[in-house]
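Chains as they are written, first to last, in the working numbering: chain A, 1 to 480; chain B, 1 to 279; chain C, 1 to 95.
Because the hints were derived from the structure by calculation, they are not lab data. We put the CB at the ideal spot given by N, CA and C, even for glycine. Hints may be right or wrong, so weigh each one.
Once the Cα atoms are required to be at most 20 angstroms apart in a straight line, the calculated SDA-like pairs of lysine to any residue come out as [said to hold, decoys possible]: (1) A:Lys-231 x C:Lys-81; (2) B:Lys-16 x C:Asn-82; (3) B:Lys-16 x C:Asn-79; (4) C:Lys-74 x B:Asp-72; (5) A:Lys-231 x C:Val-94; (6) A:Lys-362 x C:Lys-81; (7) C:Lys-8 x A:Phe-93; (8) B:Lys-129 x C:Ala-30; (9) B:Lys-212 x C:Val-94; (10) C:Lys-92 x B:Val-200; (11) B:Lys-129 x C:Val-93; (12) C:Lys-84 x B:Ala-31; (13) A:Lys-362 x C:Glu-28; (14) C:Lys-74 x B:Ala-33; (15) A:Lys-362 x B:Tyr-83; (16) C:Lys-56 x A:Lys-362; (17) C:Lys-81 x B:Leu-197; (18) C:Lys-81 x A:Pro-412; (19) B:Lys-129 x C:Asn-82; (20) C:Lys-81 x A:Phe-93; (21) A:Lys-362 x B:Gln-95; (22) A:Lys-43 x C:Lys-8; (23) A:Lys-295 x C:Asp-46; (24) C:Lys-78 x A:Glu-330; (25) C:Lys-37 x A:Glu-330; (26) A:Lys-362 x B:Arg-117.
Short derived list, chain A residues pointing at chain B, Cβ under 10 angstroms [as the list claims (entries may be wrong)]: (27) Gly-80; (28) Asn-88; (29) Asn-91; (30) Ser-195; (31) Met-238; (32) Phe-293.
Residues on chain C that point at chain A, a partial pick, calculated with CB under 8 angstroms [unchecked claim]: (33) Leu-9; (34) Leu-38; (35) Lys-63.
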Amino acid sequence: MRYLGLTMTELHELYVSGKATPLDVVNEVIEALTKDKNNILEKTMYDEARSMAQSLTKVEKDNLLWGIPFLVKDNIAMKGIETTGSSNILNGFIPLCNAEVIDKLLAAKAIPVAKTTLDEFGMGGRGETGHKGITYNPYGKERTRIVGGSSSGSASGVASGYVPFAVGSDTGDSIRKPASFAGLVGFKPTWGEISRFGLFAFMPTLDHVGFFTRSVSEARVLFEKTRGYDKKDATSVMNVPFKTEKDATLKGKKVAVLEPIFALMKNKLLIKEFHNLVDKLRQAGAVVDFVPFDKDLLAAIFPTYFILSCAEANVSNACLTGIGFGNKEEGASYEEIVANTRGKGFSSRIKYRLMLGQYALKKENRNEYYDRAQKARRLIVEAVDKVLENYDVIMLPAAPNHAPTVDKQSEPHSEIENNFMAIANFGGNPSLTLPYFLDEGLPLGVNLTGKPFDDFNVLNIALKIEEITGLYNLHAGLKS
Amino acid sequence: MKYEVIIGLEIHIETKTNTKMFSSASSLFDAPANSNVSVVDMAFPGTLPTVNKKAVQNAIMLGHALNMEIDDELHFDRKNYFYSDLPKGYQITQQRRPIGSNGYLDIYVNDTKKRIRIERIHMEEDTAKQIHLGEVTLIDYNRAGNPLVELVTEPDLRSADEAMAFVEAVREIVTFLEISDGKMEEGSLRCDVNISLRPVGVSKFGNKVEIKNMNSISNIGKAIETEIKRQVNYLIKGLKLKVRHGGMTMPLKIQLQCVKKMKALIIDIFLKEIFYQFL
Amino acid sequence: MNKEEIRKLAAEILITLTPEEEATFAAEFAYFKELAKLLEALPNIDEKEPMVFPFKVTQTYLKEDTPEESPGAKEILKNSKNAKDTFVVIPKVVK
Numbered sequence: 001m002r003y004l005g006l007t008m009t010e011l012h013e014l015y016v017s018g019k020a021t022p023l024d025v026v027n028e029v030i031e032a033l034t035k036d037k038n039n040i041l042e043k044t045m046y047d048e049a050r051s052m053a054q055s056l057t058k059v060e061k062d063n064l065l066w067g068i069p070f071l072v073k074d075n076i077a078m079k080g081i082e083t084t085g086s087s088n089i090l091n092g093f094i095p096l097c098n099a100e101v102i103d104k105l106l107a108a109k110a111i112p113v114a115k116t117t118l119d120e121f122g123m124g125g126r127g128e129t130g131h132k133g134i135t136y137n138p139y140g141k142e143r144t145r146i147v148g149g150s151s152s153g154s155a156s157g158v159a160s161g162y163v164p165f166a167v168g169s170d171t172g173d174s175i176r177k178p179a180s181f182a183g184l185v186g187f188k189p190t191w192g193e194i195s196r197f198g199l200f201a202f203m204p205t206l207d208h209v210g211f212f213t214r215s216v217s218e219a220r221v222l223f224e225k226t227r228g229y230d231k232k233d234a235t236s237v238m239n240v241p242f243k244t245e246k247d248a249t250l251k252g253k254k255v256a257v258l259e260p261i262f263a264l265m266k267n268k269l270l271i272k273e274f275h276n277l278v279d280k281l282r283q284a285g286a287v288v289d290f291v292p293f294d295k296d297l298l299a300a301i302f303p304t305y306f307i308l309s310c311a312e313a314n315v316s317n318a319c320l321t322g323i324g325f326g327n328k329e330e331g332a333s334y335e336e337i338v339a340n341t342r343g344k345g346f347s348s349r350i351k352y353r354l355m356l357g358q359y360a361l362k363k364e365n366r367n368e369y370y371d372r373a374q375k376a377r378r379l380i381v382e383a384v385d386k387v388l389e390n391y392d393v394i395m396l397p398a399a400p401n402h403a404p405t406v407d408k409q410s411e412p413h414s415e416i417e418n419n420f421m422a423i424a425n426f427g428g429n430p431s432l433t434l435p436y437f438l439d440e441g442l443p444l445g446v447n448l449t450g451k452p453f454d455d456f457n458v459l460n461i462a463l464k465i466e467e468i469t470g471l472y473n474l475h476a477g478l479k480s
Numbered sequence: 001m002k003y004e005v006i007i008g009l010e011i012h013i014e015t016k017t018n019t020k021m022f023s024s025a026s027s028l029f030d031a032p033a034n035s036n037v038s039v040v041d042m043a044f045p046g047t048l049p050t051v052n053k054k055a056v057q058n059a060i061m062l063g064h065a066l067n068m069e070i071d072d073e074l075h076f077d078r079k080n081y082f083y084s085d086l087p088k089g090y091q092i093t094q095q096r097r098p099i100g101s102n103g104y105l106d107i108y109v110n111d112t113k114k115r116i117r118i119e120r121i122h123m124e125e126d127t128a129k130q131i132h133l134g135e136v137t138l139i140d141y142n143r144a145g146n147p148l149v150e151l152v153t154e155p156d157l158r159s160a161d162e163a164m165a166f167v168e169a170v171r172e173i174v175t176f177l178e179i180s181d182g183k184m185e186e187g188s189l190r191c192d193v194n195i196s197l198r199p200v201g202v203s204k205f206g207n208k209v210e211i212k213n214m215n216s217i218s219n220i221g222k223a224i225e226t227e228i229k230r231q232v233n234y235l236i237k238g239l240k241l242k243v244r245h246g247g248m249t250m251p252l253k254i255q256l257q258c259v260k261k262m263k264a265l266i267i268d269i270f271l272k273e274i275f276y277q278f279l
Numbered sequence: 001m002n003k004e005e006i007r008k009l010a011a012e013i014l015i016t017l018t019p020e021e022e023a024t025f026a027a028e029f030a031y032f033k034e035l036a037k038l039l040e041a042l043p044n045i046d047e048k049e050p051m052v053f054p055f056k057v058t059q060t061y062l063k064e065d066t067p068e069e070s071p072g073a074k075e076i077l078k079n080s081k082n083a084k085d086t087f088v089v090i091p092k093v094v095k
């Protein structure tokens, strides 16, 4: 177990000094993955990974991603590798090209080793609804806790220490919530910074590609390597000048805590630790204010997210008919084939969401549902923008508690504190979760959300918080 | 009682481009089946549309020739329905913000000039081709995604001859501007006719009937005549006019030559932003 | 929502439902309606302009009209269980 639980930088040093080769590392990763008990895997690509590792003979000293193994959420297309979205309707589906983010990582000589489980098509927050069943959190007693979703397998795999990073996606908090439950850095950059080509669409103007790492600087490296204009994605940003600061510092940084959300927290240790963090930030020269936020708008966050995402999921998944591709069922007519295929291939959950989405889009309902949700989106974004006019980031606990056990459902009426991170999807804001304390060995994260295109500022502030907490390269303990 | 015929036309024009409206596959659909189909055209998950500059240029040129107001932003909408020739389960079109609106075309029937108002032109993508053979349907996705411009007139036409003259005029314009082959028999120009009758003097429109997929201008005329006969028991006086097919007048020719010259400038001047607005 | 309406909604998006799913959907729908009510509560909500994009997108990328090679019939149809030779074949479609 010499190469697991290491950061990119540590692996890189081994490569540069000649103490290890990518094949050494990949072999160990594969061995660990085959022994994983948390149900994190979709299709594996062990032969391809070994083959690629073997082909990497000349170390690239200035390339931190060289020879680094990683995992990929199974809603991100990989050429020649079965990609299912963790749904039976796409069993056997083999994309003909890579997602752009994958092409960029391959060009940087990073080595993909396996696809990971997710809540079916990204629609879920606990990591329980993929077609392979529940994905477990490596923290806590074995196979008792959820890791969150929808990027469940990616989060679990990185938290187990198998690989230094995994690619995920975030439409409402699907990277940033599991990051909290799994003690990881989960980064969702500004919308359009990373091309969405190859990411299975769920709600296109909320969808983002992002990463799980065990340190902030690794998230930054990945962001720098994968961001940029892609002509296959017309919404990927071009020519936006980004501001970077030479050295990260908290001096003069302004942090806003949305007071009404924080007031909903009940976990006493979480509250205490958060206040501790606030104190430390202030000691380091940051201004931290508890600011007001309209309560009706807060209550509107989850409904806005849910209505919009159901409606768009309905449209995004309308291509899944079994006709041109996909796991089809029999039928005597076009309609029968499609209805049977979708009826059998989608889980009940997905069907309900698609139906609700269809309802929200119908002419007679649109004003009350879809259109109104789009209007609410604007109201919420404007309110968030208003706060960020005077602050660098909004900071809040990423979740009200540590990862729950599988049987523990959410508290009733806890939608706000469990779903507020969607504000960064509505406004495309860069948003990052990182661990800030451990509650009896179970991690909890804090979330930072910044202004659109201010990604490096968010990363820098996160870096300083990481220094304060000392929670760097956390993993659940490698079990042999 | 005297009736007048109210006719509106919806004309679909396949515009000449090398690639499809929203993907980089070749738009040559007269090729071996499914040989010009990209992952975007098949609607594989994760694929995204990108807008074809030439198709936009074609649409703007047509808009100028038809004296239309050109939108300074590009908006697209998704029209959702399930059908076997529609891979995405929706068609990308321009419902709310057509590229061109409020235009007109002057036609000549028997030396009489008549101005026909054009409500809109918008861009959309074509569907796959389906070949029905016995008990099965074969789907060829080569055509799926090809660029179309849809032209919708106001219901200003009052006779089969006017309708034929209008379609002929459009055909001449698109071929002169080299934005389409304009060949109805090959499907690069398709016409749907909306026709209704109302008593003379009444302003409210009657129930309209849609006649689709005529493959020649003369068939348009025939279909309209047949439909009129079908809708009334007696002949409408004044319909049997001698037809002179709308040839291009000098002013129109000059205007079109200007439009041709403007081709290069069009994109920079007129377009500000692109939105993929979702229905 | 009654059973008839539920079946109709499912039919619109071409999915089949089991009797259990039909029964469960009513509760899902009731919850959905409650969520929508929270939007109603926002002051002057209907006067607001709908927001489609996360922020103002200000680029005008239009793709050049240069063809790229397509994968070819065999490759592009290899994921279709309905493919026969170079076509996708389905039972005759009635318009």
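Evaluation of the provided hints:
no., hint, verdict
1, A:Lys-231 x C:Lys-81, "31 angstroms, violated"
2, B:Lys-16 x C:Asn-82, "31 angstroms, violated"
3, B:Lys-16 x C:Asn-79, "31 angstroms, violated"
4, C:Lys-74 x B:Asp-72, "42 angstroms, violated"
5, A:Lys-231 x C:Val-94, "39 angstroms, violated"
6, A:Lys-362 x C:Lys-81, "32 angstroms, violated"
7, C:Lys-8 x A:Phe-93, "30 angstroms, violated"
8, B:Lys-129 x C:Ala-30, "42 angstroms, violated"
9, B:Lys-212 x C:Val-94, "16 angstroms, holds"
10, C:Lys-92 x B:Val-200, "45 angstroms, violated"
11, B:Lys-129 x C:Val-93, "12 angstroms, holds"
12, C:Lys-84 x B:Ala-31, "18 angstroms, holds"
13, A:Lys-362 x C:Glu-28, "17 angstroms, holds"
14, C:Lys-74 x B:Ala-33, "10 angstroms, holds"
15, A:Lys-362 x B:Tyr-83, "18 angstroms, holds"
16, C:Lys-56 x A:Lys-362, "27 angstroms, violated"
17, C:Lys-81 x B:Leu-197, "49 angstroms, violated"
18, C:Lys-81 x A:Pro-412, "44 angstroms, violated"
19, B:Lys-129 x C:Asn-82, "16 angstroms, holds"
20, C:Lys-81 x A:Phe-93, "11 angstroms, holds"
21, A:Lys-362 x B:Gln-95, "16 angstroms, holds"
22, A:Lys-43 x C:Lys-8, "37 angstroms, violated"
23, A:Lys-295 x C:Asp-46, "19 angstroms, holds"
24, C:Lys-78 x A:Glu-330, "18 angstroms, holds"
25, C:Lys-37 x A:Glu-330, "41 angstroms, violated"
26, A:Lys-362 x B:Arg-117, "31 angstroms, violated"
27, Gly-80, "13 angstroms, violated"
28, Asn-88, "14 angstroms, violated"
29, Asn-91, "13 angstroms, violated"
30, Ser-195, "9 angstroms, holds"
31, Met-238, "12 angstroms, violated"
32, Phe-293, "28 angstroms, violated"
33, Leu-9, "5 angstroms, holds"
34, Leu-38, "5 angstroms, holds"
35, Lys-63, "7 angstroms, holds"
Checked against the numbered hints given earlier, this structure breaks hints 1, 2, 3, 4, 5, 6, 7, 8, 10, 16, 17, 18, 22, 25, 26, 27, 28, 29, 31 and 32; the rest are met.
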